[in-house]
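Colleague: Spelled out from the first residue to the last, the chains are:
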Amino acid sequence: MQVREYVVRRLLKLPLVLLAVTVAVFALSRVGGSPIAIYLEHEMSPDEVQALEERYGVDKPLPMQYVAWLGGVARGDLGWSGVSVAPVSEVLPARLVATIELATLGSFIAIALGIGLGTYAGARRNRFSDHVIRVLTVSGASLPLFWFALMMLILFYLIIPIAPLGRFDPDVYSQITHYTGFYTIDSLLNLNPSAFVDAIVHLALPAFVLGFEGMAVVARMMRSSLVEEMGEDYVDSARAKGLPERRVIRRHARRNALIPTITVIGLSWGVLLQGSVVVENVFRWPGLGRWATEGVIRGDRATIMAFVLVTAVVFLVVNLVVDVIYAYLDRRVVLGTD
Amino acid sequence: MADAAHVDHVSPLGGRWQSFTTKARRIGDLSKTALKSPTTLAGAVIIVILIAMAILAPLLVEGNRPDPYQLPRDWSAINMPPGTPGHPLGTTSEGGDVLYGVVWGARTSLRLAFIVVGITLVVGTVIGSIAGFVGGKWDEVLMRVVDVFLAVPELILALAIAALLGPSFRNIIIAISILGWPRYARIIRGQIIHTKENEYVDAAHVIGDSKFRIYLKDILPNTITPVVVAATLQMGAVVLFAATLSFLGLAEAGIAEWGNLVGEGQAGIVSGRWWVATFGGLMVFLWSLGFNLFGDGVRDVLDPRTEGR
Chain U
87 MQVREYVVRR LLKLPLVLLA VTVAVFALSR VGGSPIAIYL EHEMSPDEVQ ALEERYGVDK
147 PLPMQYVAWL GGVARGDLGW SGVSVAPVSE VLPARLVATI ELATLGSFIA IALGIGLGTY
207 AGARRNRFSD HVIRVLTVSG ASLPLFWFAL MMLILFYLII PIAPLGRFDP DVYSQITHYT
267 GFYTIDSLLN LNPSAFVDAI VHLALPAFVL GFEGMAVVAR MMRSSLVEEM GEDYVDSARA
327 KGLPERRVIR RHARRNALIP TITVIGLSWG VLLQGSVVVE NVFRWPGLGR WATEGVIRGD
387 RATIMAFVLV TAVVFLVVNL VVDVIYAYLD RRVVLGTD
Chain W
3 MADAAHVDHV SPLGGRWQSF TTKARRIGDL SKTALKSPTT LAGAVIIVIL IAMAILAPLL
63 VEGNRPDPYQ LPRDWSAINM PPGTPGHPLG TTSEGGDVLY GVVWGARTSL RLAFIVVGIT
123 LVVGTVIGSI AGFVGGKWDE VLMRVVDVFL AVPELILALA IAALLGPSFR NIIIAISILG
183 WPRYARIIRG QIIHTKENEY VDAAHVIGDS KFRIYLKDIL PNTITPVVVA ATLQMGAVVL
243 FAATLSFLGL AEAGIAEWGN LVGEGQAGIV SGRWWVATFG GLMVFLWSLG FNLFGDGVRD
303 VLDPRTEGR
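Sequence order for the protein chains is U and W. Each number in our numbering corresponds to the 1-based position in the first sequence with 86 added. Each number in our numbering corresponds to the 1-based position in the second sequence with 2 added.
Treat the hints with care, since some could be wrong.
Claimed, not checked - Now the stretches of chain W that chain U is said to cover, found in silico as 3 or more residues with beta-carbon under 8 Å: (1) 148-160; (2) 164-172; (3) 183-195; (4) 230-237; (5) 280-287; (6) 294-302.
Hint data in this document are derived by calculation from the structure and do not stem from the laboratory. For each residue, glycine too, the CB sits at the ideal point set by N, CA and C.
Use the sequences and the hints to build the structure in full.
Modeller: Written out as structure tokens, the structure reads:
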């Protein structure tokens, strides 16, 4: 019952936080000068400027502007993207899908490698391999992602030329029908193996780079929580039963050590979202992050606002899901909340 | 009488000052213990070298005029590889000297780290103190604000703030400062709430000390230790963060900053000019690694539970 109560309470809180985020985004867009500045020209007369202000509602008080903007957002009107020369709502879905495809594979890599390395290191505490992994994970946390991405590009584009830039080979991409927008899934639905290979070849390096940072975070958490679990009584009793060490770790200690790690996986999704901005720029991936960066450099407000809003929503929802899973797995959490 | 003696021990100014100096000494001792670990020592060595480089920059490479934080341009030597006479680490596509960027970039980073950590620490301390010490409605409101800040990934917000303020390194500093304080506010609030429960705080109330005095002399000094660790780790993190933003093109072109160097070198990589991005990024990596290793080491010593993790 308590878990359900906790979930309901979290769900009720979500709209409030989302509302706060929209206020923040709107406030941000009004900090750096007039929002219609890009439409203004030097030759304009004050009357023309006023006409523009009226047209975009900038002459109204701020709260009313906010309500008008929020209403537009609710109807799916996110403004005009100067960078893409199209309405934001038309460009956004394809960009978002490209980013989700990259981030999903990246997070699989981060989780699989992180849990694997973390378990390996935790089971060999203070031995040589543990130290090697520790150095690897600490460097992973200090590594500037943009630099790591470029170093990988030098390695796999210049020195060993196997990694392509971008998301697809246009010739292959145009052969298939795009049902979902996910290149990998669409290529499978089209039963087109060469398109699938094309998708994977383009995805592999950016996803690995993106996953590497998250891997470091997950591995660190996994190691320390495994070390903690290995000191528990139930591990001793499993050993006393005569179970082989491998089985003790896999069936007993690792299962419990995974619980705190799940929170970190949720947090690392945020890391991944941020990382995708950098990775997309380096590998010329046509996703949300690269689009937003173009918008940022050209001062395209509609694009920036849409990006912040969408990212915040995705991040909040993912965090909610993680918290709920965590609450089901570890009921002590629920007792500890207010 | 026993009570009086107890109160005596805490009430005079001398006693409180002593608690402050004891804290300071304790941090010194902890650092000494921490430096016994080879990784922590390595971190400390990296930090010392980079800070020395930042301070001695004008002696190592003569400053550009009028603005030493701009790369000097040598239009007769663009895209030169490392080893070129006069340009030991090569030049950028606009003739900027990479070595100059590496050395003066340390100075840019040190300045940035001090400004950002300084601002966020002060703002975070004030807000965390109000929330923790005054409590009640203030606590509720301030912590909800902190929640909203922490609800959205930092880089995304920083990108938006810096973009809307306009591209310049100063605006990057402003953006990071706006986002950095909630972290300290949270630590300090928690620490204060914990410290408030101590008996010597009750004793100070009993002898009639003013609230502010109690806060300043009995409570604040006790929040120092975790804040020092957080600040150390932040010294590394903010430089990495700022470098990411200027890599994405949010600083002014040609600024002597490591992330900007990587950004300027990015386009050349596809045509084989690896050096600009490589050296610039390596410096960011070293800076951030140094502070992470050192900060981790200090934290391990402070919190024995995390030892060996």
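Colleague: Run every hint past the structure and note whether it holds.
Modeller: Each hint, compared with the structure:
Residue count for the stretch 148-160 of chain W with a Cβ under 8 Å from a Cβ of chain U: 9. That meets the three needed, and the coverage hint holds. Only residues whose beta carbon comes within less than 8 Å of a beta carbon in chain U count, and the stretch 164-172 of chain W has 6; three or more means the coverage holds. Residues of the stretch 183-195 of chain W with a Cβ under 8 Å from some Cβ of chain U number 0, which does not satisfy the need for three, so the listed coverage is violated. With 0 residues having a beta carbon nearer than 8 Å to a beta carbon of chain U, the stretch 230-237 of chain W misses the requirement of three or more and the stated coverage is violated.
Requiring three or more residues with a Cβ within less than 8 Å of a Cβ of chain U, the coverage given for the stretch 280-287 of chain W holds, as 6 such residues are present. With 3 residues bearing a CB less than 8 Å from a CB of chain U, the stretch 294-302 of chain W meets the requirement of three and the coverage assertion stands.
Hint check: violations occur at hints 3 and 4; the rest are consistent with the structure.
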